[in-house]
Amino acid sequence: DTEVTQTPKHLVMGMTNKKSLKCEQHMGHRAMYWYKQKAKKPPELMFVYSYEKLSINESVPSRFSPECPNSSLLNLHLHALQPEDSALYLCASSHWGLAGGVETQYFGPGTRLLVL
Amino acid sequence: SQQGEEDPQALSIQEGENATMNCSYKTSINNLQWYRQNSGRGLVHLILIRSNEREKHSGRLRVTLDTSKKSSSLLITASRAADTASYFCATDAPDSGGSNYKLTFGKGTLLTVNP
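Chains as they are written, first to last, in the numbering used here: chain A, 1 to 116; chain B, 117 to 231.
Read the hints as simulated data drawn from the structure, not as lab findings. Please read all numbers here as calculations on a predicted model, not as lab measurements.
Away from chain A, derived, C-beta distances all over 12 Å, residues of chain B: (1) Leu127; (2) Gln130; (3) Asn134; (4) Arg170; (5) Thr193; (6) Ala198; (7) Thr228.
Here are some of the chain B residues that sit facing chain A, going by a computed Cβ distance under 10 Å: (8) Leu164; (9) Asp208; (10) Asp211.
Note that beta-carbon positions come from the ideal geometry of N, C-alpha and C, so glycine has one too.
Looking at chain A on its own, in the form it has when it is part of the complex (with noise of 0.2 Å):
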């Protein structure tokens, strides 16, 4: 099983609610990751956690909360969401590299939300 599966696949949410996204794979994988991607542009890496615990943090504000219940699920809790959140959420995973590195990512199909 190669694959990575996010839910929902679409999300409307005012900027009041409180709504999570949700990931998961079952390739053993020991790193998980969310990207952000806003239209005609490159993903943009928001946390990375490894062996389960938050290892990056790029500076993502505190409305968006990361969760890793374990080692095949990865959670993005949203709360008080601006309308430039608006954007395709992208998680991934991959093995962790050894001696640094980062070592092939597989992605899934991302959830796509909007925030109005």
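Model the placement of chain B on the given structure of chain A, informed by the hints.
Leaving out everything else, chain B in the frame of chain A:
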């Protein structure tokens, strides 16, 4: 800051022609990766080339890496309409703390293959 920069930003060719995309980067790397993204979908990994490798092949794809020039190229031979997508190079670099590595994506090349 942008680690990888692709060139050209957009490329339009006819089916059967070859497509070449270039990527330049600024700092030393452990490896460089190429990904493909169909419109509005997730990214698909194409090739990973390590800093001690100069060339790698996978099917119709050929990637070269020149660490002295800090550049890489992706060649797609005998292109097909189904190759129409955005192509990104991605390089690894340490985060601000220096102890963890992350992928930084270039701006991408939008390839259109006309039937």
